[in-house]
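*Asks:* The listed protein sequences derive, respectively, from chains A and B. All residue numbers for the first sequence refer to the working numbering, where the first residue is 1 and numbers rise by one. All residue numbers for the second sequence refer to the working numbering, where the first residue is 102 and numbers rise by one.
Hints listed in this document are in silico derivations from the structure and should not be mistaken for laboratory results. Backbone N, C-alpha and C define an ideal beta-carbon position, used for all residues, glycine too. Among the hints, erroneous ones may be present.
[As the list claims (entries may be wrong)] Beyond 12 Å from chain A on every Cβ pair, some chain B residues (computed):
no., residue
1, H159
2, E176
3, K188
4, I214
5, L221
6, S282
7, E286
8, P321
9, D355
10, I356
11, H373
12, I409
13, P459
[To be verified] Taking lysine-lysine pairs in the BS3-like style, the calculated list, with each CA pair at most 30 Å apart, reads:
no., chain 1, residue 1, chain 2, residue 2
14, A, K85, A, K65
15, B, K161, A, K65
16, B, K161, A, K85
17, A, K75, B, K163
18, B, K370, B, K308
19, A, K75, B, K161
20, B, K163, A, K85
21, B, K308, A, K65
22, B, K538, B, K270
23, B, K163, A, K65
[Said to hold, decoys possible] If you want the footprint, here are the derived chain A segments under chain B, 3+ residues with CB under 8 Å:
no., region
24, 25–35
25, 39–45
26, 51–63
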Amino acid sequence: MPAIVTDNCNACRFTECVAVCPVECFHADDDMVYVDRDTCIDCCACIPACPVQAIYMEGELPEDKRQWVSINTQKAAELPAITGKHQPLPGAEEKRSVLGY
Amino acid sequence: MPGNHQNGPLRVAIIGAGPSGFYAAEALLRSQVPVEVTVVERLPSPHGLVRSGVAPDHPKLKQAAIVFERIAQSEGFCFIGNVTVGKAITVQEILTTHHCVILAYGASEDQRIGIPGEDLAGCHAAKEFVGWYNGHPDYGDCHFDLSGETAVIIGQGNVALDVARILSKPVDELRTTDIASHAIEVLAESRIREIHVVGRRGPAQAKFTSPELREFGTIPGCDPVALESDLALNEASQAETSDRMSRTITTNLDILGGYTTRRTELAGKSCHFQFFLAPQAILGTDRVTGVRFARTTLTGPAFGQRAIVTDNEWTLPCQFILRSVGYRGAPIEGVPFDSRRGLLPNDSGRVVHEDGRPVNAVYATGWIKRGPSGIIGTNRADSAATVEALLADVDSLMNGPREGADGLWNLLTDRGVRATTLSDWRRIDAAEIERGKPLGKPRDKIACVNEMLGFCEPANG
Ligand SMILES: Cc1cc2nc3c(=O)[nH]c(=O)nc-3n(C[C@H](O)[C@H](O)[C@H](O)COP(=O)(O)OP(=O)(O)OC[C@H]3O[C@@H](n4cnc5c(N)ncnc54)[C@H](O)[C@@H]3O)c2cc1C
Ligand SMILES: NC(=O)c1ccc[n+]([C@@H]2O[C@H](COP(=O)([O-])OP(=O)(O)OC[C@H]3O[C@@H](n4cnc5c(N)ncnc54)[C@H](OP(=O)(O)O)[C@@H]3O)[C@@H](O)[C@H]2O)c1
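Starting from the given sequences, assemble the full structure and let the hints guide the process.
*Replies:* Structure, rendered in structure tokens:
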């Protein structure tokens, strides 16, 4: 049951998750990051690290976020892996406060 | 960016080949500075607690080792095994062959509870039990008597869940893991039917992660049990559950709620999660017969609640006790140590003297830097931070050439230390995998250093 990144990451992309991932299973586009489920080892390190709580273990995913399972699989396959922390996207802090974190 | 480096590459010695050591090596080798790292490890086998801590029935987590092996193949990486720094060689001596040292040697001791009876036969540190079932050479000779029916685990972190799960699972589910063969023999004879995982605070304060807690609902022949009355929350705990950054608490409470009504297999095993019980004494004269607890109430603000003991006491009869109240770091010769916290005093990874001055060229990362908490990946971010501090000091560190790994190897062999190499580890690794095949195990671990050395290139050969 891998980690799944969901909508809160979009337009934030803080990448704290990438810094604590032991196996470099995150892939990124210009908007957010996604998990490669075949590389993820289900360690849960990324979940508390996310400043906007965008990441869930697949087994703990709320019903209304189930679509993110296939989005993660598909995007991770298309996009390059990222190996280290990046700058958050411009506007990330504003989005964080809108989300209430 | 550092300036010109006429002194050849920066030569860094990393002490300890656990996750924090490997991630420090990775961060250094990926930096813009020309670097060579020498990782010095006490055992002939690398990977630290990923090999000897992470539970055998969680093979996916052990895949972190694949990343470590990839790092080990990088240009500029050298492994020297079977060398205990502080005994076979000091940090100061290593600094004659390297520009600086990163201490990444983890937390090798266990925390004691500090109550009477802790040393009675039948009461052990979870750390010993874990080391034993994982085939760590230090614990190959340990004996655990599982002939009683009731086991108590004191503490409610993920280590407590690991040891409870090993006692709860049908032994046949463990046979095909990399669990030590000597442990399978003993677990196969285990008569333990009731396992109690006991915490001094409440369910909202337990340090379990949710997938690990949820797994107890899936173990064949073992029912998870929690008491409805333990799940009532005071005001501060309610505030903790509504904190949006702490989703785990709500999820754990849901899972425990499910365990209040699940008792189905009355004939089989059961695993009881019990709260608000602070251990006061381990009972027994020549071996354990029970634990006396005092019931507690919580006081203090949300996320700062402490357990206050009441006069209300309760005795739980049992024959086997594991105290799982945390690990603890040990000092290393010639380096300052914070004995209250059991770690190396440091400022962003720079080891410091009591007065806060940095110790020249000595850095720390991982459990010995932060204390014994955090999972494998936590050490990656931590090591990146230590390496950032180190690289900021690079100009002052590069004060002349150093011989690096070759110099250190010569120093060690000149004084008769039987050091091992990465190829030696590959031989041990291959031998373990081979031995595992007929048993249907991913590997059959060699739990004795001398036996490991038998698979290595002969010394001075
Ligand atoms: C029982 C247990 C289970 C765990 N399970 C998980 C899990 O499932 N998932 C997860 O993400 N995290 C887990 N963790 C946490 C994880 O293992 C740690 O975060 C991590 O191993 C700490 O890394 P480290 O490098 O600081 O220490 P260690 O992993 O302890 O590595 C230290 C290394 O230094 C070596 N060493 C010690 N002294 C010396 C010396 N004097 N000279 C040379 N070498 C020395 C040791 O032999 C060891 O190889 C678990 C921890 C424990 C205790
Ligand atoms: N699967 C995994 O991901 C996994 C597996 C194993 C370990 N790990 C990680 O490894 C780290 C170490 O785990 P750990 O379980 O050793 O430590 P831990 O998470 O710090 O848990 C220690 C437990 O001991 C209790 N305790 C401490 N002193 C006590 C005392 N005097 N009396 C009674 N109880 C006492 C603590 O209670 P209080 O809260 O009241 O202090 C706490 O419940 C953790 O970060 C853990 O997540 C992860």
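*Asks:* Hint by hint, say whether it matches the structure.
*Replies:* Consistency of the hints with the structure:
1. At the 12 Å boundary, the C-beta of H159 (chain B) falls inside the reach of chain A, the nearest C-beta of that chain being 8 Å off.
2. Every CB of chain A lies more than 12 Å from the CB of E176 (chain B), the least distance being 17 Å, so the non-interface label holds.
3. Consistency note on K188 (chain B): stated as away from chain A, and its beta-carbon is indeed over 12 Å from all of that chain's, at 30 Å minimum.
4. I214 (chain B), annotated as away from the interface, keeps every beta carbon of chain A farther than 12 Å; the closest lies near 27 Å.
5. At the 12 Å boundary, the C-beta of L221 (chain B) stays outside the reach of chain A, the nearest C-beta of that chain being 36 Å off.
6. Every CB of chain A lies more than 12 Å from the CB of S282 (chain B), the least distance being 25 Å, so the non-interface label holds.
7. Listed as outside the interface, E286 (chain B) is consistent with that label: its C-beta sits roughly 29 Å from the nearest C-beta of chain A, beyond the 12 Å cut-off.
8. Every C-beta of chain A lies more than 12 Å from that of P321 (chain B), the closest at about 19 Å, which supports listing it as non-interface.
9. D355 (chain B), annotated as away from the interface, has a beta carbon of chain A within 12 Å; the closest lies near 10 Å.
10. The claim that I356 (chain B) lies off the interface is violated: its Cβ sits roughly 10 Å from the closest Cβ of chain A, which falls inside the 12 Å cut-off.
11. Look at H373 (chain B): its CB is around 24 Å from the nearest CB on chain A, clear of 12 Å, so calling it non-interface holds up.
12. Every CB of chain A is more than 12 Å from the CB of I409 (chain B) (nearest about 28 Å), matching its label as outside the interface.
13. For P459 (chain B), the requirement that its beta carbon stay farther than 12 Å from each beta carbon of chain A is met, with the minimum near 24 Å.
14. At most 30 Å may separate the alpha-carbon atoms for a hinted pair to count; K85 (chain A) and K65 (chain A) meet this at roughly 25 Å.
15. For the hint pairing K161 (chain B) with K65 (chain A), the CA-to-CA distance comes to about 25 Å; that is within 30 Å, so the pair holds.
16. Annotation: proposed proximity of K161 (chain B) to K85 (chain A) holds, straight-line Cα distance about 24 Å (limit 30 Å).
17. With a CA separation close to 26 Å, the supplied pair K75 (chain A) and K163 (chain B) stays within the 30 Å bound.
18. Of the supplied pair hints, the one linking K370 (chain B) and K308 (chain B) holds, its CA atoms being roughly 24 Å apart against a limit of 30 Å.
19. Annotation: proposed proximity of K75 (chain A) to K161 (chain B) holds, straight-line Cα distance about 23 Å (limit 30 Å).
20. The hinted pair formed by K163 (chain B) and K85 (chain A) meets the criterion: a straight-line CA distance of about 24 Å does not exceed 30 Å.
21. Straight-line distance between C-alpha atoms of K308 (chain B) and K65 (chain A) comes to about 26 Å, which keeps the hinted pair within the 30 Å bound.
22. The suggested pairing of K538 (chain B) with K270 (chain B) holds, with an alpha-carbon distance near 23 Å, which does not exceed 30 Å.
23. A C-alpha spacing of about 29 Å is found between K163 (chain B) and K65 (chain A), which places the hinted pair at or below 30 Å, so the restraint holds.
24. With 0 residues bearing a CB less than 8 Å from a CB of chain B, the region 25–35 of chain A misses the requirement of three and the coverage assertion fails.
25. Counting residues of the region 39–45 of chain A whose C-beta lies closer than 8 Å to any C-beta of chain B gives 5; at least three are required, and the coverage claim holds.
26. Look at the region 51–63 of chain A against chain B: 4 of its residues bring a Cβ nearer than 8 Å to a Cβ of that chain, three or more, so the hint holds.
In summary, the structure is inconsistent with hints 1, 9, 10 and 24 from the numbered list given earlier, while agreeing with the others.
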